[in-house]
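A.B. asks: Produce the entire structure from the sequences given, and follow the hints as far as they go.
These protein sequence lines are chains V, H, X and W, in that order.
If you want this note's numbering, it's the position in the first sequence, counting the first as 1, plus 38.
If you want this note's numbering, it's the position in the second sequence, counting the first as 1, plus 1198.
If you want this note's numbering, it's the position in the third sequence, counting the first as 1, plus 10.
If you want this note's numbering, it's the position in the fourth sequence, counting the first as 1, plus 137.
No lab work stands behind these hints: they were computed from the structure.
All values reported here derive from a predicted model rather than from experimental measurement.
Note that the Cβ used here is the ideal one computed from N, Cα and C, for glycine as well.
Take the hints with a grain of salt, since some may be wrong.
[What the hints assert, rightly or not] Derived SDA-like pairs: lysine to any residue, alpha-carbon spacing no greater than 25 Å straight-line:
| # | chain 1 | residue 1 | chain 2 | residue 2 |
| --- | --- | --- | --- | --- |
| 1 | W | Lys145 | X | Asp200 |
| 2 | V | Lys88 | X | Ala234 |
| 3 | X | Lys181 | W | Thr157 |
| 4 | H | Lys1326 | W | Pro164 |
| 5 | H | Lys1245 | X | Pro18 |
| 6 | H | Lys1265 | X | Pro18 |
| 7 | W | Lys166 | H | Val1325 |
| 8 | V | Lys88 | X | Lys181 |
| 9 | X | Lys323 | V | Ala77 |
| 10 | W | Lys154 | X | Glu216 |
| 11 | H | Lys1245 | X | Asp127 |
| 12 | W | Lys145 | X | Leu134 |
| 13 | W | Lys154 | X | Glu189 |
| 14 | W | Lys191 | X | Met94 |
[As the list claims (entries may be wrong)] With beta-carbon atoms standing in for the labels, derived distance ranges:
| # | chain 1 | residue 1 | chain 2 | residue 2 | range |
| --- | --- | --- | --- | --- | --- |
| 15 | V | Gly132 | H | Pro1263 | 30 to 36 Å |
| 16 | W | Val240 | X | Ala351 | 43 to 49 Å |
| 17 | X | Ala351 | W | Gln233 | 43 to 49 Å |
| 18 | H | Arg1261 | X | Val35 | 25 to 31 Å |
| 19 | H | Gln1270 | W | Leu152 | 52 to 58 Å |
| 20 | X | Ser256 | V | Asp89 | 47 to 53 Å |
| 21 | W | Gln233 | H | Gln1270 | 32 to 38 Å |
| 22 | V | Ala101 | X | Arg40 | 42 to 48 Å |
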Amino acid sequence: MMLPPQSITPIEVGRLVGNVERFRNEGYRLVQIGCTKVADHYEINYCFDKDYMFEVLRITVTADTEVPSITGMYWGAFIYENEMHDLFGIQVKGMNIDFKGTLIKTRVKFPFSQAAEKVATPKPAPAKAEPKKEEAP
Amino acid sequence: MTYLAKSPWIVHYNGSSCNGCDIEILAALTPVFDVERFGIINTGNPKHADILLVTGSVNSQNREPLKNVYDQIPDPKVVVAIGICATSGGIFRECYNVYGGTDTTIPVDVYVPGCAARPESIIDGVVKALGILEEKRKKIQEKAGEPLKAGGAV
Amino acid sequence: MTKQIIVPFGPQHPVLPEPIHLDLVLEDERVIDAVPSIGYIHRGFEKLVEKREFTEYTYIAERTCGICSFIHGATYCQAIEQIMNIEVPERAQYLRVIWSEYSRLHSHLLWLGLFADAFGFENLFMGAWRIRERVLDVLEQTTGGRVIQGSAKIGGVRRDISGEKLDAMVKDLDILDREMKDLTTVFLEDESVKHRLRNVGILSREDAYHLGAVGPTARGSGAAFDLRMTGYGAYDRLNFQLVTDSCGDCYSRCLVRAKELFTSTDLIRQAAKKIPDGPIDVKVTGAPNGEFFMRAEQPRGELVHYVKGNGTKFLARSRIRTPTLTNIPPLVKILQGCELADVPVIVLSIDPCISCTER
Amino acid sequence: MVFFEMTKTALKSVLSKPATILYPFEPAKKTDLSRGHVVFDGSKCISCGICMKKCPAQAILVTKEAKTWQIDRFRCIVCNSCVDTCPAKCLSMDTQYTAPVSVKGVEVFTITYVKPVKPPADKAGAAGE
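C.D. replies: Okay, structure coming up:
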């Protein structure tokens, strides 16, 4: 069965808080906040759900944009916002619980905003260990 | 029924495992596999343990805790790496946060492959570890110049 | 004013099956605040989409979690199928339902056992895990793997279940039902268990809904939503009732999970009856171009697999929002005001799966 | 009633077979589908390298020149991907799991397949992927 296509509403960063407030007032629950790096900017998706109606708000920001926190409306959003900060380096302003980059400690700082090559641990040579046993079939 | 002369106690450390091997270790403790019939007890305290079971790969966060747990186990001690992630880093080897298998951090005595390692496999690994534990115990006693006692206190 | 002290709880703690760290702010025996810190299991494998082709990423998606492995795999596959417009054969959809429900049985029984262990009822723990082996046997007989099933595949499933095997499975379900009935009776009716769980860790419906609680954690507070109701896969052709309870304490969450066991066996019976003959997979060609948020119901609640493809064999992004991640804020709220001795039980009552959470 | 229930449970436990499998004195639980380890048949392998490409754990290394097929059992996640994709059907899944060891190593097998003179067309096509 194919599910209905999902609509994604792109909005400006400045209108984010107002839109989220509208969702909150209409009784939507926050499903998730997720970030994606596309070329040199970031897409942040805010997903809401009410009675299985799925809505997505999308803001597009650059690395140095400060994103307003929505923890005022959804207290639980801090977990996603901290995660976004730790993995992508997005600055979120006004979180209710700010871990200051210690929620997820990673070996590389902001791993998801780096190019694949830089993050990659050196690729181990494919199994070059001394052959332990030689078996003829 | 007794199968072994000694009752080795194990301590389980969860590295960055996917839970698959962890629940198989727990499954080995429960009725169907029941390793307690060997006198094996899963203890939470490393100072009580003889065998350290490690599941999951080592990442930047759990490297120090793992070393810490290892250091606290009294000699002689044996480390068993359970599952592919613990033996070599497995499918997550190339992730940015993963250092690799357990042997990148602490010496490993037995490698148990499998994804997830089966409870039977884990029992095999622990039994193998017991042999190594006994050898290590003998070595320590010889070094200390004590006469060897069969079944003496470890 | 009483002096406040901070007690670190975890990551390696005898009662915790998995590393989660909580800083508990205490006033005497009462918890005033809890600050979670995660990341002990963070591997960062979402980044692996840049190195593995999207077909092989299925195996990695499956290894997000060893408890609900099949559902992770199947949900990821469904996300790709939605983007690529692949119509999955009917039989495969039913098989996915069957395996998903077996995974749910396996997960809930596992959780009941661990929960019993957390409140100190060792016998019940062993009992639950003995019954669970029955479920694992079926999973192994049909997929080849005990905990990592590995039978999901983009475009269908990798293995078929024969007619005789299905009949045998349905017959086996009766024994399973009987054993689970005995087990859950203890959980739900034993006085000492009730004493331990009633009125502990109360989460109101309002809080549950707006803090983002999902799955049994939300349903135990009366927030009735279950993604299976949206009818993905073959769920729209099967009948089932939502299990909810309105109290919102640990007992309610336990009750919801205990009753869901029987919903699952019922769903398997229905699926086994209705399953049509036919192929189990379709050939997949090309690469995904587009994005989709696939939502599915995991034993712990709503799971979101977001996949963004760019028309190449390598995906642009895969994001996995697991139920435990979104259950953490409600957990923090529940912990505020509870007693220190209840912390292990409360933490377990949301069924935390840390390896999912941290990916 | 409670007493009656208890007696029932006790009787059931006494009369039923123990749940425990006395492994290693009894054989391990296994099914026909159990994924244990990958078995390689060198007489059928056409050195196409598809298994190497499709292995999500990069455990397999096929060298055409040296005519060897090697697998690192300590990387292999026994996912069955190579068995499913092998065009020459030279790989199969055995139900016996790999035994624990103290020293890690890779297993090297020799490819003994000789390309038949006739009919060459379809084999070459499969190898070219």
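A.B. asks: Taking the hints in turn, state whether each one holds.
C.D. replies: Quick rundown of the hints versus the structure:
1. W:Lys145 <-> X:Asp200: Given that 25 Å is the threshold and the Cα spacing comes to 17 Å, the pair holds.
2. V:Lys88 <-> X:Ala234: holds, 11 Å
3. X:Lys181 <-> W:Thr157: Holds. Lys181 (chain X) to Thr157 (chain W) sits at ~23 Å (cutoff 25 Å).
4. H:Lys1326 <-> W:Pro164: Holds, at roughly 17 Å.
5. H:Lys1245 <-> X:Pro18: Holds, at roughly 20 Å.
6. H:Lys1265 <-> X:Pro18: Given that 25 Å is the threshold and the Cα spacing comes to 19 Å, the pair holds.
7. W:Lys166 <-> H:Val1325: holds, 18 Å
8. V:Lys88 <-> X:Lys181: Answer violated: Lys88 (chain V) to Lys181 (chain X) is near 39 Å, above 25 Å.
9. X:Lys323 <-> V:Ala77: Holds, because 18 Å separates the two Cα atoms, which is no more than 25 Å.
10. W:Lys154 <-> X:Glu216: Not satisfied, since the Cα-Cα distance of roughly 49 Å exceeds 25 Å.
11. H:Lys1245 <-> X:Asp127: holds, 22 Å
12. W:Lys145 <-> X:Leu134: Roughly 17 Å separates the two Cα atoms, so the pair holds.
13. W:Lys154 <-> X:Glu189: holds, 15 Å
14. W:Lys191 <-> X:Met94: Holds - the C-alpha atoms of Met94 (chain X) and Lys191 (chain W) are around 21 Å apart, at most 25 Å.
15. V:Gly132 <-> H:Pro1263: 30 to 36 Å: Since Gly132 (chain V) and Pro1263 (chain H) have Cβ atoms about 33 Å apart, the given range 30 to 36 Å holds.
16. W:Val240 <-> X:Ala351: 43 to 49 Å: holds, 47 Å
17. X:Ala351 <-> W:Gln233: 43 to 49 Å: Holds - the Cβ-Cβ distance for Ala351 (chain X) and Gln233 (chain W), about 47 Å, lies within 43 to 49 Å.
18. H:Arg1261 <-> X:Val35: 25 to 31 Å: Since Arg1261 (chain H) and Val35 (chain X) have Cβ atoms about 28 Å apart, the given range 25 to 31 Å holds.
19. H:Gln1270 <-> W:Leu152: 52 to 58 Å: violated, 46 Å
20. X:Ser256 <-> V:Asp89: 47 to 53 Å: Given about 19 Å between the Cβ atoms, the range is violated.
21. W:Gln233 <-> H:Gln1270: 32 to 38 Å: Given about 37 Å between the Cβ atoms, the range holds.
22. V:Ala101 <-> X:Arg40: 42 to 48 Å: Because 43 Å falls inside the window, the suggested range holds.
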